[in-house]
Structure formats: structure tokens, C-alpha cells
Amino acid sequence: QSSPLEAYWQDGLKFRSKDTLYRFSVGGRLHYDLAYSGQSEELGSRFEHKRTQVEVRRARISLEGNIRKELAYEFEVTFGEDIEFADMYVAFLQVPLVERLTVGHFREPFGLEELTSSNAIVFMERALTSTFGPDRNTGIMVQKPFWQERLRGYVGVFRITDDLGNDRQGLGDHSFTTRWAFAPVVADHNQVLHLGLAFNRIAPDTGNYRISTNNEVNTSPDYLDTGVLKGVENVNQLGTELGFTRGRWLLQGEWIQSFTKFSNQAPDGLANAKHRYQSFYLLTSFFLKGGARVYSKGSNRFNPVLQPRHPGQDDFGGAWEAGLRYSYLDLRDSRQPLHTLHNVTAGLTWYYNTNTRVMMNYVHSLFNQGARANTLQGRLQFTF
Amino acid sequence: QSSPLEAYWQDGLKFRSKDTLYRFSVGGRLHYDLAYSGQSEELGSRFEHKRTQVEVRRARISLEGNIRKELAYEFEVTFGEDIEFADMYVAFLQVPLVERLTVGHFREPFGLEELTSSNAIVFMERALTSTFGPDRNTGIMVQKPFWQERLRGYVGVFRITDDLGNDRQGLGDHSFTTRWAFAPVVADHNQVLHLGLAFNRIAPDTGNYRISTNNEVNTSPDYLDTGVLKGVENVNQLGTELGFTRGRWLLQGEWIQSFTKFSNQAPDGLANAKHRYQSFYLLTSFFLKGGARVYSKGSNRFNPVLQPRHPGQDDFGGAWEAGLRYSYLDLRDSRQPLHTLHNVTAGLTWYYNTNTRVMMNYVHSLFNQGARANTLQGRLQFTF
Amino acid sequence: QSSPLEAYWQDGLKFRSKDTLYRFSVGGRLHYDLAYSGQSEELGSRFEHKRTQVEVRRARISLEGNIRKELAYEFEVTFGEDIEFADMYVAFLQVPLVERLTVGHFREPFGLEELTSSNAIVFMERALTSTFGPDRNTGIMVQKPFWQERLRGYVGVFRITDDLGNDRQGLGDHSFTTRWAFAPVVADHNQVLHLGLAFNRIAPDTGNYRISTNNEVNTSPDYLDTGVLKGVENVNQLGTELGFTRGRWLLQGEWIQSFTKFSNQAPDGLANAKHRYQSFYLLTSFFLKGGARVYSKGSNRFNPVLQPRHPGQDDFGGAWEAGLRYSYLDLRDSRQPLHTLHNVTAGLTWYYNTNTRVMMNYVHSLFNQGARANTLQGRLQFTF
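Chains as they are written, first to last, in this note's numbering: chain G, 1 to 384; chain W, 1 to 384; chain E, 1 to 384.
Hint data in this document are derived by calculation from the structure and do not stem from the laboratory. Here the structure is a predicted model, which is why all the values come from computation and not from measurement. Hints may be right or wrong, so weigh each one.
Copies of one chain are not kept apart here, so a pair can be met inside one copy or by any two copies together.
Said to hold, decoys possible - Capping the alpha-carbon separation at 27 Å, the derived lysine-lysine pairs in DSS-like fashion look like this:
#1 K69 - K14
#2 K50 - K18
#3 K274 - K230
#4 K261 - K144
#5 K50 - K69
#6 K230 - K50
#7 K297 - K14
#8 K261 - K50
#9 K14 - K274
#10 K69 - K144
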């Protein structure tokens, strides 16, 4: 029961047996950020301001592999002040009727950009829509393709857990999530249309629920925050996704509506109230040179793919990608003074090679009440 | 001074040089638990109750290897809210007179089940006897076999340290531990008799000592607890082990007595007092299909060994193991209201393959005062 | 874009592609310390005393590699009560005009011993001069050799960050550091002369600055401490280095002067004050057998190199190194009661093999006011 493995380098250290029954890879990522920020007086009076900030956005190690086409697994840890588990799952690949049954700690299937790796997203931070994303939780999910993989369904039940896969105090109980990804047009010249629909439902055990977010700048405070909402009976969220590539050009958008229903015993005059929060974004990305965003049929998302620097060589890199995004978040029903945010991000990314990219993002934020913030931020991203 | 290594997969990623002078392996384990519990009112009034709980019981990475048959080493870290060191040692293999001299942080040689890997134990949690187990500490240990490995002695001196190998505040000083494992009968058809005797002595520097434990359910509170005992002069513990396999059947039991001696200045009317705590368990396991528990002569414990799913193939798994255990803990001398516990555990384990097992355990706990608790818990265990 | 790798063992697990365009290695270190200490009454009245202490001084995992001679990188994490990042950088190797451009979290180029790996230093702890060492911070550095590598210059700008590469609260802002290493004599019989000059400047944003240190004994408290100095305008530090090997003999010394300039609004009567702190050490090391300290031209420091145990075999080890060091620290201007320290360390190190060494150090400390401390400490060091 010992299978020889071949070691090889392919953007990272990998192993496979000749029959490819066994695969294993060792990887990691390191995201170094530097941000220069300014904010208007309305914000300055409430939130502490630091002009420049340096941080390790992500330092992560991952071990993953496949066993006999029966199992796929990942063991991924993020290092920082606290340890956080990223993907920590086992996936069974030979379960009847479905393509894959995943058990463990991983991303709930909700949101196109949410499901795109932080190594691959167009801008340094995900859009405001990810405010509603359930992120990673501990659960069980099945997925199954239909119509020659034109359609893929994901259905999962999750326990809402903390970053270590353990029960989180007081947030809630279970989350039900399903996503349906439809790619009706897949043509030559990297021409792909992707449509997605997702639904998520949470019924907080304690009745407490809270949404908060920064302005797509990780070093900024959570400018928008509903505070702890009490007496929440359930939250239903509906997400729609659009993606379209043609050649070196990507257009991507999402719209998420979140409906919070309060119980008839909710305090603060909220008995039987219904809140509707929403967010959407629209982004476009264009590879000026050396690459394109390509649709991954198996996981239904868009990843950057680089071209060789020199024809015929296996030396990929030297690509440039420009992007523009408009995002909007509306938490008006929460009755907080700050409740809506328009965000515009312009980004330029240099892919030095398949392991390294340098990102520069300018983020302009316009809140209600005329509050404003501006950030110029850069990232050195290295993955292996 | 560069030796080529061959990579291979054998339940995990391993490397060896052709002359086997160098070995190295990368491994990990992931134990996901789900527990449904109920407790009687006597317990409910004192201990908070959570009906269902999800937790990552263990997420651990290990690097281990051998160098020139001179050294064996392991570097093993458990990830969670806090980092904990598991096995972190260097073992010298060519020390005169002994088989092996181990230095570092590792398990003290006390308890048959304590020394069985958490990947290999019959039930999800070790028995109540492990309440007295000194677990891992930082020390030095020698081991030596006698009579064609029929008898093996382990002797160690340890510094009682925290989970990071550093001195623990206020628990104590040194621990002396010795274990003698005797396997007089080793016959065909997996027929083995194992007898063990172990002694452990702790002299707490500060005079403080405490024993506490849950009811073999990790998500439960520590129902039994002596509280901090003051003025403790020393603790002597005596362990006896019995193990017997025949074919697919295992019978295993242990009895540990712990004698706490108080000094003549001990407070709370305990001057010169002697407490005797004890615990024992008896368990049986039977492989319904596809495997057996096999005695490891080198480390004196019983590990599950799987059979190929298909004759002639190296595709091990599909085994089923059923087990039953009765455990008893008596802390009567501690004068706490809750002080004795009878525990019955029934377990069923499915070994999907050599890397994966799914466990289901039912635990019934009967305390003195008629207090009761019941738990149904399951585990998905993946190791590589 | 998949390059086959060969695995091999060379003091650790390493991989390389045949064309050596890709390299990767997995490593770790484990330093176990045991210290017996005594201190005189003057110290005992102020600092808590523990006679014996055990600790894991370092438990560290490292992943490092090279990509296409374009990039070198390291991802190194220290495990303990808190996670700390050690070397976490990406180095660009094909930047015009310079040898190497390093970005990330790594040691500022200040101090010969500071830049020597903790796996390779002569004694268990670095000398008192490292009190002034800026250690690792997050920054950018270029280096360039001149005159056939006789001279190498390092220039870096750093953000003063915590052990996780993030901004540290209230210490300061940026640090500018440059080091010039000059090796005018490199002759036969391991005869090398090294001269070094380094400059470091810090301008604390908040005006707060503090220096504190133990007596070259990691389990001791920080006996010397300036306390928080307020109103500090800038700190300029000047370091000079001397190193000389001949055969199995090393002589090494450093002298660091640190000038703290207070602003005209500094409190505590320190307006416009200038403090001068300084430290120096002189050490000698001699390999009684089996090895020598050899100068690394590429990184300008001295590392132990072992000889084969048996002629013609690749079985290195069995070496013995004896060392003696005198260090001095003067924080007199800080007006603290304890402000100067003379330290003498005698050390004996046994290199069992290239992975393992056992160290024994005796440290005698003489403070002003006649306060004294003595420590006998040992280390088991294992690296892979």
C-alpha cells in the first residue's frame, strides 16, 4: 500500500502518482498591504483615523490532495494574531447521485466573487455584496452538474461557526444555502456567459443578528454597522450573479437582497418588522497584456490565466490587468446614521509571474450625509 | 552530504532515501465532532447545557523523520484558539545500553489507552482512567526491551509543562514515570496477551493539585472536579493494564489508583490526610468486517489494521468495528458533591479507507446522587 | 508549466528541478532550554526569582524556495503562546543595478551577530549589543556587492511592525538602516578578516521609545530597562563589526552606540536632552574538534561548518566548540537605578550531527550597585 510519487513544480510544490490516483500539494499565500487613507470630517469625528497602515493581509499555509479518486481534502490555516481555519474539509467523490459531497469548514455556496479565491479576485478586496456573504462555516454540501455541466447546483446545510470551526456564541444556529450556476453560452475566443442564482437562510437561535462592513478597505473601520439586532426570527438572502467574458475582457456583477424578519416579541419597536438590505456591484476588468480571465466550468467562477512571456517557453507572466468597479450598499432600514455607501474602485494589477502580483487600488467612498473617504492601497501578493 | 529521496504515498506523504538512512513524512489529522447531549436536572442546575455542539476536536500538522538511524524526531502542532504542541521531541537511537533515549515534549509512559494515538482509539474519547494520565510533558525518557521484546521498560523524568512545553505556573515540579509492558503470549491468529504496570509520582512544588474531567464527552463540562487541593506533598499513581486480542476481537482494561498525600501543614483540615482516587475501564471491540486490532510490539499498544477491499488490491477500507466500554471513576475522597461516575459507551466505527473513519458513539453517564447525562456523538476523522 | 523536481535530504527536505530553476525546502527548528539561575539580593528584591526553568525557546517551521532565478522567498512561522512571523519575504533577483531587492518581514541589516541565524550563533543567546538591534520589521531592502564581493552594501527602509508584520501601536514609524560589510583579507586556511559598519535611524511617530533587555539569559527578566522615554525626536545608532577567523579559531566583536535625541517639548526635564547608550562585546570561539567557523561571503557572517566523522563518508558531526564572550551594556543616561551590565559567558557546544547540537552556557552578570546573577543553561537544538 505504498505508491511512488513524482514531485513537480507547478505554481507550487506538487506530487502525483503515475496513475494519478494520489495527489498532494503544499502551498501558501502571503499578501502584504500598504494603505494611505483620508476621510472627511463627518467620519473623522466617529472613527479613528490612521493615515498610513501596513499589514499582513493574509499569511496562509495549505496542504491538499486526492486519494484514489475517492476523496479530496484540504487543510488550510491562516496565521495571525489568532489562528483561523480557512478550507478544512474532506470531499467524498464517489457518493451516488451527486458529483461531490463536501464535509467540513469551507465557503457556503453564495456569491460569485465570494467563491473566487483571494489570490484571484480582480481588486484587493471583495465588493460590498460580500457583507451578506455567509463566508466559511462548518457544514455539509452536495453539488451536481446538469446538461454537460452547463448548469451546476450546490446545496448545503451549515452550522454557523467561528473561524476555528467551533460553535460561535450567540450568533445563531444553522444556515441553509443553495446556488445554481448556469453557463448557457460557452464559445470560442474565451466567450462565456455565466448566470447565477443563490439563496441563503439563517434562523438565529438567540435572535441576535448583526451586519457590519468596511468600505472595501481592510485597514478601515467598519463604517457601516446595523448594531446587534434583537428578536430576529430569520434572515432570507437572495443573490443573483452575472458574468461575461470575451477575449481579455470581463464584465461581472451581483445583486444581493437580504430580508431580516423580526419576531412578534422583538424589542425596540421592531415587533413583526421586516428589514430589507441590499447591495450590488458591477465590475469590468481588461487585460492590457499577457492574460485573460477564464471561466472555470468546474467551480463556476472567473480566474486569471497568464500567457507565456516568450512564445514557446513555460515562463508565464508580465501581464497587466486594469479594472473598475462600482459597488453600492444600502442598510437604510437599520436606522443607523450611516447607512448607505457608494464605492468606486479603480485597480491596476501587474502579474510578474504566476506566483506574484502587485496590485494598486484607488477606492473612493461616498456615504449618505455626504461623508467621504479615499484610499490608495497596494498589495504585494505571493503564492506558492 | 546530499542524499536523493524517493517520494511515496503511504497513508500520507513520505520520503525515504534508497539506503533508508533518511526518512521524512508530512502528515496531519482533522477530527470533526458533532454531539447531541441531554442531562438530568441535578446537573442542569449546576452546568450550562447545550443540546447540540459542533467542534473541531483536533486539527494537527506533523513533520517527522529519521536521520542515519541515529535520530528520530517529530514536530507536531495542534491548531486551535491557542497553539498547542503535541509530540515535539528528538530521540537518540544509538545510546549505549538502551533502545532509545527521547528528549522533548511527548506523552509520559502511563496508560495503555493514553499511549494509543487519538487516530486509533476505539471510541471517540479516551476512558475515565485518562483523568489521571500525566499526558504530554517536557522530559527525558529511556526505553529498553528484554526477552525478545516480550518485556519493554520505559523510565522517564519530566518537567510538568503547559501545552507549549514551557513551565506551567503553580502546578508542580517534576514527574517520575515508569511503565513495564509484558506480552507473554504472542501466537497465531492475532492472538496476543498484554500486561502492563506503570507508576507515576508527582511532587507539586507549590502544594497545589487538581483533578477534573468530563464524562468521556469532550463538549461536556468537567462534571467531576476535586477543586484545587492545597498542601499536597506528593501524588503516587499506580496503573495496571490488560489487553488481549484474538482474531478480530479485542479485550482491553486498565485500573489506575491515585494516592494524594497531604503535608502536615495542609489547610482545610487535611493535614496529613491521604486521599485515594481510582478509575478503571473494560472495553471490548470487534471488527464486524474488514480488519482487526493488532498489537504493536515496538510501542506496546493495539492499533486497527485494515484489510484490502478487493483481494490482491492495495485499496484498504470498508471495515466496521463495534465496541462497548464500561468506565468508572471514584473521586469520593475529594468530598465534592459529585464524585463518582459510571459511564457506558457503545460505539460503531466505519473505516472508509486508511485515511478516513466515521465514528458514532452513545455515552450514558450515571453520577452519584442519581444524576445522569446522555450523549450521542459522531466524528468524521481524516488523517494523512 | 510543470517542472519535475528531485527530492533530496541535505540537513533537511529539499527539492530542485534538474535545471535548478526551481528550488523548494521544508524546514524547522526546535530549541529546548533548561536554565538554573541565582541572583543576588539587590536583584531578588525587585525581580521574581525562579531557580530552574524549562522552555521551548524556538519552535519554528519554514518553507522557502527559488523560482526561475527571478524570485527567492521564505515563509517562516514561530509557534508559541502567540504566533510570530520570522522571515516572511519575497526577494526579486533580477532587479537592475542591484543584487537583490527584498520586500516583506525580515531582519534589518544591523549587527553581525543579529544577522547570524539562531541555529548558528556561538552561544545560546545573542550578546547585549542586540538590545539595540531593530530585529525584524516590514520593509524593503536592496543589496549590492562591490570589488569581487569584497564589499557588500545593504540599504533598507522599514515600517516598525509587531511580530506579525502589522503596525505596532505607539512605537514609531519608519526605520532607515544601512550596513556595509568589508572583507579585505580572504586567504587560505580559513583566514578571513571582516569589518562592518552599520547605521540605523528611527523617528518615533508618537515620541515614545524604550529599550530593555535581559542578561543574555532568555528565562531572566528584563533587568535593564529605560522605561518609556517620552518626547523622543529620533534615535541614531551606529554599529561597528569586527570578525576574524584563522583555521578553527574565531574572534568576533561589535560596538554599538545609540544616540537618543529628545525634542524641545520632551517632559521629565528632558527637553533637548541627548542620551548616549552603548554596548559592545568581544567573543572568541575555538573548535576543539571536527569543524570551524567559516565566513559566508554572500551574507557576511560566520557559520559553523562540520567535518565528516569518518574520512570519505558523508556523516558530519561529532564536533566540539568552546567559546568565551565578554559583553557590556551602558544605559547610564537613562537614570534608572540599574543601568550598566558586564556579562561573561563561557560556552561549550557539542555538534552531534549537522542537525543536532547540545549547548551548555555559563553566564555571569555583574550590574552596577554590585548586583550579580549567575546562570547555568543548556539547550538541545534540533533543526531540519
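Hints, verified against the model:
1. K69 - K14: both (17 Å within a copy, 19 Å between copies)
2. K50 - K18: Intra 54 Å, inter 49 Å, cutoff 27 Å: neither.
3. K274 - K230: Answer is within; shortest intra-copy Cα gap is 13 Å, inter-copy 54 Å.
4. K261 - K144: neither (31 Å within a copy, 64 Å between copies)
5. K50 - K69: Neither: 50 Å inside a chain and 38 Å across chains, both beyond 27 Å.
6. K230 - K50: Intra 33 Å, inter 21 Å, cutoff 27 Å: inter-copy only.
7. K297 - K14: Classified as within: same-chain Cα gap 23 Å, cross-chain 33 Å, threshold 27 Å.
8. K261 - K50: between (37 Å within a copy, 25 Å between copies)
9. K14 - K274: Neither. Shortest intra-copy (51 Å) and inter-copy (57 Å) distances fail the 27 Å Cα cut-off.
10. K69 - K144: Within one copy, since 16 Å is at most 27 Å while 43 Å is not.
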